[in-house]
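Below are the chains, spelled out letter by letter.
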Amino acid sequence: MMPGTLEGEIDGRRLDVFAAGDFTLPALIGLETARHQLVRAAGTAVERATISLHRVNRLDTAGAWLLHRLEQDLVGRGIEVAFAGASEHHAPLLEEVRRIELAPPPHRVEVNALVRVVAELGRGTLDALDEGKRLLSFYGEVLLTLGRVAVRPRRLRLTSFTHHLEQTCLNALPIVGLISFLIGVVLAYQGAGQLARFGAEIFTIDLLGVSVLREIGILLTAIVVAGRSGSAFTAQIGTMKVNQEIDALRTLGLDPLEILVVPRLLALMVALPLLAFYADLMALLGGGLMCLFVLDIPAAQFVAQLDRAITPAMFWVGVVKAPVFAFLIAMVGCYEGLRVTGSAESVGRLTTQSVVVSIFLVIVSDALFSILFNYLGL
Amino acid sequence: MSGEPVIRVRGLVTRFGTQTIHDGLDLDIRQGEILGLVGGSGAGKSVLLREILGLQRPSGGTIEVLGRDIQQISGRELRDLQARQGVLFQDGALFSSLTVCENVEAPLRERHRLPEALMEELAGLKLQLVGLGLDAATKYPAELSGGMRKRAGLARALALDPEILFLDEPTAGLDPIGAAEFDRLIRRLQQSLGLTVLMVTHDLDSLLSITDRVAALVDRRALVGSVEELRELDHPWLRAYFAGPRGRSVQAAAAARGA
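Chains A and B are the protein sequences, given in the same order. Counting from 1, one number per residue, gives the positions in the first sequence under this note's numbering. Counting from 379, one number per residue, gives the positions in the second sequence under this note's numbering.
Hints are computed from structural coordinates only; laboratory data are not their basis. Every residue, glycine too, gets a C-beta built ideally from N, C-alpha and C. Check each hint, because a few of them may be wrong.
Which bits of chain A does chain B cover? Going by a derived footprint, with three or more residues having C-beta under 8 angstroms, they are [said to hold, decoys possible]:
| # | segment |
| --- | --- |
| 1 | 23-31 |
| 2 | 57-65 |
| 3 | 335-345 |
Here are some, though not all, of the chain A residues that point toward chain B, as calculated from beta-carbon distances under 8 angstroms [as the list claims (entries may be wrong)]:
| # | residue |
| --- | --- |
| 4 | 11 |
| 5 | 87 |
| 6 | 92 |
| 7 | 93 |
| 8 | 97 |
| 9 | 100 |
| 10 | 102 |
| 11 | 105 |
| 12 | 106 |
| 13 | 108 |
| 14 | 112 |
| 15 | 113 |
Anything over 12 angstroms on all C-beta distances counts as not near chain B; from chain A, calculated [claimed, not checked]:
| # | residue |
| --- | --- |
| 16 | 16 |
| 17 | 94 |
| 18 | 109 |
| 19 | 137 |
| 20 | 177 |
| 21 | 178 |
| 22 | 200 |
| 23 | 273 |
| 24 | 274 |
Sequences are here, hints too, so could you generate the full structure?
Here it is as structure tokens:
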């Protein structure tokens with residue numbers, strides 16, 4: 001390796017440039033400096049320049065670019081330029097590069113930051129409105145499809161429905177159970193700590209029963225399912241979209257909503273109430289074990305106190321929310337999946353978005369339910 | 379300058395479970411040649427390419443690239459070696475979050491410290507070398523047609539001035555005119571940049587028009603020779619390949635061009 005050098009000799013109106021060594025990418029920075037010096041030194045007196053390549057060892061496109069750039073700079077100053085002594089290996093490359101007109105590629109137009117913020121806000125608002133409209137029309141379409149399936153139940157894909165039921169319900173049991181159990185433990189422990197100050201430790205059971213049945217069981221399950229199944233729906237349907245499988249379904253005269261969305265939607269609406277019930281049980285179990293081992297409340301007393309504290313209405317208040325949450329999660333998951341366009345990158349982006357949006361909607365609708373139940377006196 | 383092998387594969391064995399893909403495969407790629415690699419689906423063309431690139435370990439045998447046994451060298455040496463090779467993947471494999479220009483700059487940025495303006499100009503040069511206009515430079519890969527994505531992928535493969543260029547089905551998915559143009563581009567760049575090219579292809583037109591030699595993967599080994607030599611060999615797959623309706627019409631056209 002011998003880094004390239006570029007030297008010039010000015011003889012009256014003639015400039016002789018001697019290139020030597022390796023004209024390759026690693027040497028480029030040094031050569032750049034030399035090039036600038038040469039062009040400056042050439043000044044205005046020089047009329048003709050010869051670039052001699054006899055002693056050039058290796059030449060790559062970066063080196064050829066540099067020579068071409070030097071040529072153009074000199075020509076720009078009204079100097080006639082000729083190359084001499086390019087070896088047979090170097091000549092084709094130099095010719096190839098010299099045919100190209102040199103210019104840096106244009107930049108994307110940069111806009112003032114303030115303008116950009118306003119523009120982003122405006123675009124975001126319009127996008128949100130647009131999104132709302134499309135989501136609404138998607139809901140309408142799905143409801144119509146559901147109606148068609150209800151009239152002719154044979155159109156329901158039973159295999160697909162049971163497959164998704166297994167995926168979303170059965171396979172979710174371990175994680176939903178574990179999380180609920182642990183939350184039951186935490187609730188009982190924290191509740192007991194606070195209530196002990198009033199000598200009302202026994203009411204830990206009331207706290208546990210009411211909060212788990214009304215809110216925590218179902219909310220926690222919905223959030224886990226949104227992260228687990230909602231995202232899976234988006235990724236599955238999105239990947240099919242990328243592979244043009246959705247287009248294939250349409251051209252075969254099949255309705256993607258009926259085949260892909262309806263089974264997932266119905267499966268999740270069946271799965272979530274079941275999971276919520278299971279989560280309730282596991283959370284109460286966790287809290288109960290905590291009471292037994294840490295607070296020394298015997299099992300019989302726990303059951304008796306729990307029986308006094310909760311009513312069937314409380315259970316139903318919790319579970320009735322499940323199909324609604326399931327509907328929201330499945331709709332958002334499928335909708336985002338169908339929005340995927342072309343690239344694999346959009347699958348990832350929309351999967352993330354699907355989880356965020358569905359958890360947001362679940363919590364908003366939970367708040368609305370609270371207001372509604374308060375109004376109804378439940 | 380042609381003659382010396384830059385890639386030397388000896389006794390290559392590749393197994394996936396019980397399935398043997400290559401069994402004692404030998405292959406030389408000489409400096410300054412364009413070698414076409416053909417074979418039926420599942421014959422192990424892509425696997426061979428990945429093994430030579432060091433993306434996948436063979437079950438046995440040796441692969442020497444530019445005089446180094448790629449299974450014996452350290453990860454760092456392998457990366458240095460990989461910087462001397464350029465690869466055009468089938469659909470370009472451009473980084474989708476970067477513009478075309480940034481894609482071409484990416485290898486320069488990672489391996490050399492260059493001022494931004496210099497890097498941009500070099501990237502612009504590479505884009506023009508492969509016949510892309512500068513207006514394509516600011517576009518994202520998703521905004522390009524398939525042919526333009528291949529050209530951009532080629533520009534990125536050439537970013538570090540590699541000695542060996544690997545092409546995975548360069549003309550697949552291009553229309554015949556675009557494919558012929560791409561063939562000519564590869565031939566021109568191979569000559570002016572002094573590249574050694576290994577090209578996986580199914581395109582008989584490319585095979586006849588630009589390759590110097592052809593390696594056919596049959597019976598888990600490689601048969602190497604010029605198209606004429608391979609056509610003389612009495613092997614059922616080769617006969618079906620070259621003497622099938624497609625092969626005959628292409629050769630007839632080539633003969634007519636030559637006459």
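Results for each hint:
no.	hint	result
1	23-31	holds (count 5)
2	57-65	holds (count 4)
3	335-345	holds (count 4)
4	11	30 angstroms, violated
5	87	11 angstroms, violated
6	92	4 angstroms, holds
7	93	5 angstroms, holds
8	97	7 angstroms, holds
9	100	5 angstroms, holds
10	102	7 angstroms, holds
11	105	3 angstroms, holds
12	106	6 angstroms, holds
13	108	5 angstroms, holds
14	112	19 angstroms, violated
15	113	20 angstroms, violated
16	16	26 angstroms, holds
17	94	9 angstroms, violated
18	109	9 angstroms, violated
19	137	26 angstroms, holds
20	177	37 angstroms, holds
21	178	36 angstroms, holds
22	200	58 angstroms, holds
23	273	41 angstroms, holds
24	274	40 angstroms, holds
Of the numbered hints given earlier, the model fails hints 4, 5, 14, 15, 17 and 18; all others are met.
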